[in-house]
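Colleague: The chain contents come next:
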Amino acid sequence: MTTATASHDDHGPAKGIMRWVLTTNHKDIGSMYLWFSFIMLLTGGVMALIVRAELFQPGMQLIRPEFYNQMTTMHGLIMVFGAIMPAFVGLANWMVPLMIGAPDMALPRMNNWSFWILPFAFGMLLFTLFTEAGAPNFGWTFYAPLSTTYAPSSVTYFIFGVHMMGISSIMGAINIIVTILNLRAPGMTLMKMPLFVWTWFITAYLLVAVMPVLAGVVTMMLMDIHFGTAFLTRQVVVILYCSNTCSGSLVTLKCI
Amino acid sequence: MFFRAWQRLSSVVLGLALAPAAMADWGLNMPQGITEVSQSIFELHMLIFWICVWIGVVVFGVMFYSIFKHRKSKGAVASKFHESLGLELLWTAVPTVILIAMAVPATSVLIQMYDTTNSDVDIKITGHQWKWQYDYLGEDVGFFSNLTTTDDEIYNRTEKGENYLEEVDNHVVVPTGKKVRFLITSNDVIHAWWVPEIAVKKDAIPGYINESWAMIPEGQEGIYRGKCAELCGVQHGFMPIVLEAVTADEYQVWLDDQRAGKVAEAAAAQGDFSYDELMVEGAAVYARSCAGCHGTEGQGMGSIFPALAGSPMALNDMAGHIDIVINGKPGSAMQSFSAQLTDVEIAAVITFERNAWGNDTGETVTPKMIIDAKK
Numbered sequence: 001m002t003t004a005t006a007s008h009d010d011h012g013p014a015k016g017i018m019r020w021v022l023t024t025n026h027k028d029i030g031s032m033y034l035w036f037s038f039i040m041l042l043t044g045g046v047m048a049l050i051v052r053a054e055l056f057q058p059g060m061q062l063i064r065p066e067f068y069n070q071m072t073t074m075h076g077l078i079m080v081f082g083a084i085m086p087a088f089v090g091l092a093n094w095m096v097p098l099m100i101g102a103p104d105m106a107l108p109r110m111n112n113w114s115f116w117i118l119p120f121a122f123g124m125l126l127f128t129l130f131t132e133a134g135a136p137n138f139g140w141t142f143y144a145p146l147s148t149t150y151a152p153s154s155v156t157y158f159i160f161g162v163h164m165m166g167i168s169s170i171m172g173a174i175n176i177i178v179t180i181l182n183l184r185a186p187g188m189t190l191m192k193m194p195l196f197v198w199t200w201f202i203t204a205y206l207l208v209a210v211m212p213v214l215a216g217v218v219t220m221m222l223m224d225i226h227f228g229t230a231f232l233t234r235q236v237v238v239i240l241y242c243s244n245t246c247s248g249s250l251v252t253l254k255c256i
Numbered sequence: 001m002f003f004r005a006w007q008r009l010s011s012v013v014l015g016l017a018l019a020p021a022a023m024a025d026w027g028l029n030m031p032q033g034i035t036e037v038s039q040s041i042f043e044l045h046m047l048i049f050w051i052c053v054w055i056g057v058v059v060f061g062v063m064f065y066s067i068f069k070h071r072k073s074k075g076a077v078a079s080k081f082h083e084s085l086g087l088e089l090l091w092t093a094v095p096t097v098i099l100i101a102m103a104v105p106a107t108s109v110l111i112q113m114y115d116t117t118n119s120d121v122d123i124k125i126t127g128h129q130w131k132w133q134y135d136y137l138g139e140d141v142g143f144f145s146n147l148t149t150t151d152d153e154i155y156n157r158t159e160k161g162e163n164y165l166e167e168v169d170n171h172v173v174v175p176t177g178k179k180v181r182f183l184i185t186s187n188d189v190i191h192a193w194w195v196p197e198i199a200v201k202k203d204a205i206p207g208y209i210n211e212s213w214a215m216i217p218e219g220q221e222g223i224y225r226g227k228c229a230e231l232c233g234v235q236h237g238f239m240p241i242v243l244e245a246v247t248a249d250e251y252q253v254w255l256d257d258q259r260a261g262k263v264a265e266a267a268a269a270q271g272d273f274s275y276d277e278l279m280v281e282g283a284a285v286y287a288r289s290c291a292g293c294h295g296t297e298g299q300g301m302g303s304i305f306p307a308l309a310g311s312p313m314a315l316n317d318m319a320g321h322i323d324i325v326i327n328g329k330p331g332s333a334m335q336s337f338s339a340q341l342t343d344v345e346i347a348a349v350i351t352f353e354r355n356a357w358g359n360d361t362g363e364t365v366t367p368k369m370i371i372d373a374k375k
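Line by line, the protein sequences give chains A and B. Going by the working numbering, the letters in the first sequence line up with residues 1 to 256, in that order. Going by the working numbering, the letters in the second sequence line up with residues 1 to 375, in that order.
For reference, chain A alone in the conformation it holds in the complex (with noise of 0.2 Å):
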């Protein structure tokens, strides 16, 4: 009698860049999102020094007052939106499933997703530099009007940035929503639970709450340069404030 011997074992991951394009293993996904984070924070960094060089001594030295503005609003979007929160939904995405004794995150595909959007959103941010307009100047608050009538042409890809940012935050943190309450071991009560885990349980429900209120404003921005709306001219500029309020809230709330 002849043994029949069929390979059932892992075949590994892909080879090439193909492994980490593909990639669904959270520990991968985790590591390329604290990646990014990084190299964000080293552009964000250069951003700032290059500020702070100007600012050595009082005058003109190295930059105009143009390229100033642009290097203060793409550090403050860099910092926040490249750095800060890759690096938590990273460390999440490292460590929530080992935590809670999960065998992956409960949605890998989408958590591939969620990370190669940013790359693409900061890809279509960053190449604003080089644009004749030059990049999106009006601080990273980005209060109406300086930001929608009295802004330069680039604020378009700046909303769209903006919007694949958001699509990117809402699926990681859906993500771990459902991994936390689905795919906990047997015995890890929610009392249980460590307690980086409850804040990342917490602040990914704050995420899908403040996410669609900032892509509504900058979808706002985006009517009223493009298609002659009103939403955030004279009166009705408070919606911004509001929501800028919202994320900065948001964004303090993760650094705590």
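Everything labelled a hint here was simulated from the structure, so no lab data went into it. Where is the CB? At the ideal position from N, CA and C, for every residue including glycine. Hints may contain errors.
[Said to hold, decoys possible] Residues from chain A that keep clear of chain B, each with C-beta distances beyond 10 Å, as calculated: (1) Gln61; (2) Arg109; (3) Phe127; (4) Val178; (5) Gly187; (6) Ile202.
[What the hints assert, rightly or not] From the structure, some residues in chain A lie toward chain B, with a derived Cβ separation under 7 Å: (7) Met60; (8) Pro65; (9) Glu66.
[Claimed, not checked] Coverage of chain B stretches by chain A, computed from C-beta distances (three or more under 8 Å per stretch; other residues unrestricted): (10) 182-191; (11) 289-301.
We have chain A already, so just place chain B on it with the hints.
Modeller: Just chain B now, with coordinates in the frame of chain A:
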């Protein structure tokens, strides 16, 4: 250059180590200011600061003491109890009490700050890109306040003056001993009117009017400087505030001077001006009001602010040129200069723009043409 920076740095470091008495001179703390409200704010700030210091000392003191006293090498064993109702109540009650104790003085200062009733003088402050406009309500006095620091100073071609980036052509003059109410709004983007010494910092939002007030006590006549405190575009750093406090009598004289000046301006506009006179005046007006966006050589800036040198409007379309300066261009940063420049200044600057930087039209625009165009 570098030597001076090192000198400053080392003196700061030395000062920190040796001379705590000199602290006040470095302006590390917020200014006490000169008004009653600013004093209240300062006292509140110090009160809260010392409460924080006290909490920090107590918390870290207990922490470090516990870590040191109960270290493992001394054979410390952790106690095994959990759930202490008394302790939990205590650490809920203590912060609550502290917060309420801080909220009471804070609220009273806020109420004081927001009480804009019974004012003696009302000044409407309008933010523009990038200058402030002041209107004395009911006095028929109003003007714009432009930066007077020269480009040469900003671009390091000459020594910087004493009040570098903190000097303007028209000071906002207020009487001492009177309650002055500020009505703060904006014509374009969000600005913020901030004068630290009188503790006023208010956003200027288009479509809104924010209120604030100050009463500078008699005997505190002088000049107080401030800045725009909300990013408002490229020249956000170039729209300072210079507040001049004078006695009530001097204030009345100043108001009369302002009104007389306006009448004289209107009369002057009826006079005749030569091409040369207009070009000289126009160059000065251009440097002050136009060069910020359109460039010192009329070259424009980026893709938003068009060049004037060689522009079709400056070369061929005189009516359009006059119209855009008087009325501005809606939906763009080009504002109406009808109220901020006199008819003579508008005529001069248009003449200048049509003849400078190779725009050699040879045309002269007279103040009378501006008066006609405004009708």
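Colleague: All hints are to be evaluated individually against the structure, with a verdict given for each.
Modeller: Status of the hints after comparison with the structure:
1. Gln61: 8 Å, violated
2. Arg109: The claim holds: A/Arg109 sits with its nearest Cβ about 41 Å from chain B, beyond 10 Å.
3. Phe127: 16 Å, holds
4. Val178: 32 Å, holds
5. Gly187: Check passes; 20 Å lies beyond 10 Å.
6. Ile202: Per Cβ check, A/Ile202 is outside 10 Å of chain B; nearest 20 Å; holds.
7. Met60: At 5 Å from the nearest chain B Cβ, A/Met60 passes the 7 Å test, so the hint holds.
8. Pro65: Hint holds; A/Pro65 Cβ to chain B Cβ min 5 Å, cut 7 Å.
9. Glu66: 6 Å, holds
10. 182-191: holds (count 3)
11. 289-301: Violated, because only 1 residues of the region 289-301 of chain B bring their Cβ atoms closer than 8 Å to Cβ atoms of chain A.
Violation of the numbered hints given earlier is confined to hints 1 and 11; the remaining hints are satisfied by the structure.
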